[in-house]
Every structure is written in structure tokens, then in C-alpha cells.
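Novice: Since chain A is already given, all that's left is putting chain B on it; use the hints.
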Amino acid sequence: MELFTCVTTFLLITLCELGDKTQLATLILASNNPDKRWLIWGAAATALTLCVIVEVTVGTALARYLGPALINRITGVVFLVIGAFTLVRNLGSRREVVERISPDAAA
Amino acid sequence: MKRDWRLLLSALGVVFLSEMGDKTQVTTMLLAGAKPAYIFFVALGSATALVATSLIEVMVGSRIVARFIKPSTTKLASGAAFVVMGILLLLGILGAGGL
Chain A
29 MELFTCVTTF
39 LLITLCELGD
49 KTQLATLILA
59 SNNPDKRWLI
69 WGAAATALTL
79 CVIVEVTVGT
89 ALARYLGPAL
99 INRITGVVFL
109 VIGAFTLVRN
119 LGSRREVVER
129 ISPDAAA
Chain B
798 MKRDWRLLLS
808 ALGVVFLSEM
818 GDKTQVTTML
828 LAGAKPAYIF
838 FVALGSATAL
848 VATSLIEVMV
858 GSRIVARFIK
868 PSTTKLASGA
878 AFVVMGILLL
888 LGILGAGGL
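Protein sequence lines correspond, in order, to chains A and B.
All residue numbers for the first sequence refer to this note's numbering, where the first residue is 29 and numbers rise by one.
All residue numbers for the second sequence refer to this note's numbering, where the first residue is 798 and numbers rise by one.
If we strip away everything but chain A, and leave its shape as in the complex, we get:
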């Protein structure tokens, strides 16, 4: 029964995760830093494991108070800010030239 629960949860979450925004965010992070793929994976795996721990403990109570709608609005604002920063930083041609010549100097 324990194994059954574990396996069915695994399959359900794997299917749910396909095409999700977390998946897209991880993919974007990895394609922006291809040399640091293990670092990104470590960070993503840690974040997701932390999320699961939060979900099964305080998550149920927290979701009742806040609701997924409000959490999604907060995430929306943060994603907008991240996107705007990424665009502004990379639209500037001067910085791009500096980055192309020496990536370390730009960082």
C-alpha cells in the first residue's frame, strides 16, 4: 500500500508537471546558464523538495487562508519583474558587447 501510494503519486505528479510553468522556468534557467546545469538542477531539486515538504505540512493550512488565486497573483508580479529585468539588461547593446568579449567582466 505504501509503495502503491508512492508510485501512483510519482506517475500523477510527473504527468501534471509536463508543460507546467515550473518546468518552463527551470528550462529557461538552464538554457541561460548551460555551463552551470548541475548547479541549476541542484537548486531546482532542492526548491521542489522544499515545496513538497511545505505542501504536505503547512501547505494545506496556508492554502486555505491565502488560496491558490492570491499565490498565483504574487507569482505573476514576481515573474513580470524578473522578465522585465532580463529584457532591460539584455536589450542594452553596450552590455551585450561587453558580455560577448568577456563574460566575467560583465558579471
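No lab work stands behind these hints: they were computed from the structure.
Misleading hints may appear alongside valid ones.
In silico EDC-like cross-links for lysine to aspartate or glutamate, where the CA-CA straight-line distance does not exceed 16 Å [claimed, not checked]:
id, chain 1, residue 1, chain 2, residue 2
1, B, K832, A, E30
2, A, K64, B, D801
3, B, K867, A, D63
Just the calculated beta-carbon pair ranges, DEER-fashion [as the list claims (entries may be wrong)]:
id, chain 1, residue 1, chain 2, residue 2, range
4, A, Y93, B, G810, 16 to 24 Å
5, A, M29, B, A877, 40 to 48 Å
6, B, S869, A, L98, 20 to 28 Å
7, B, L806, A, I102, 16 to 24 Å
8, B, F865, A, F32, 36 to 44 Å
Glycine included, C-beta positions come from ideal geometry on N, C-alpha and C.
Specialist: For chain B alone, coordinates are given in the frame of chain A:
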């Protein structure tokens, strides 16, 4: 080295926040609520699935996307993708209630 820590923390933050209010999170919570006696095994199954799928994402991003698309293009596209996702989340189209 300092840049690595910044990258680690920002990736951790982005993925953590992104997973909050996501449909996988809602599913895990529903499963945990439905099977309170097996909460540990729900968590184990869910965490394993997420770690495995994130490996696929990292490999696709770093080996396929980064190989065929210029870094400047992926940066701009990722900025645009975050803006679009942000707007969709604010409008309630994306997220647990929507897609």
C-alpha cells in the same frame, strides 16, 4: 564563486515560487489530504517525480536550447516568457485555477 551562489539562490527562489500555487502543488496537497496516513509516501513520490522531471528540463535547456540558440536570443526570449507568464498569472489564465 560568488556568482555561483547568486545563481543557486536565484534559481532556488524562482523554482520555489513558481511551484507555489502550481497544479502539481495542488495535486500533492489533495493527495496528502486524501491519504493522511500515507503522507510520507505521498511526499516521497511527489518529490522524486519533481526531481526527475527537473533533470529532464535542465538537460533540454542546457544541451538542446543552449546549443542551437544564441545566448543573447535565449536571454531575450526568457525575459519575454517571464513577462508573458506574469501577465497570464495576473489575469488568472495560468496557474492552478486556469491551465
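Novice: The structure should be examined with respect to each hint, and the outcome stated for every one.
Specialist: Going through the hints against the structure:
1. A C-alpha spacing of about 11 Å is found between B:K832 and A:E30, which places the hinted pair at or below 16 Å, so the restraint holds.
2. Distance hint between A:K64 and B:D801 is fulfilled; the C-alpha atoms sit about 8 Å from each other, no more than 16 Å.
3. Between B:K867 and A:D63 the CA atoms are separated by roughly 14 Å; this keeps the pair inside 16 Å, and the hint holds.
4. Checked against the hint of 16 to 24 Å, the C-beta distance between A:Y93 and B:G810 comes to roughly 22 Å, which is consistent with it.
5. Checked against the hint of 40 to 48 Å, the pair A:M29 and B:A877 passes, with Cβ atoms roughly 47 Å apart.
6. At roughly 36 Å, the beta carbons of B:S869 and A:L98 sit outside the given window of 20 to 28 Å.
7. As the Cβ distance of B:L806 to A:I102 is approximately 19 Å, the hint placing it in 16 to 24 Å holds.
8. B:F865 and A:F32 have their C-beta atoms about 41 Å apart, which keeps the hinted 36 to 44 Å range intact.
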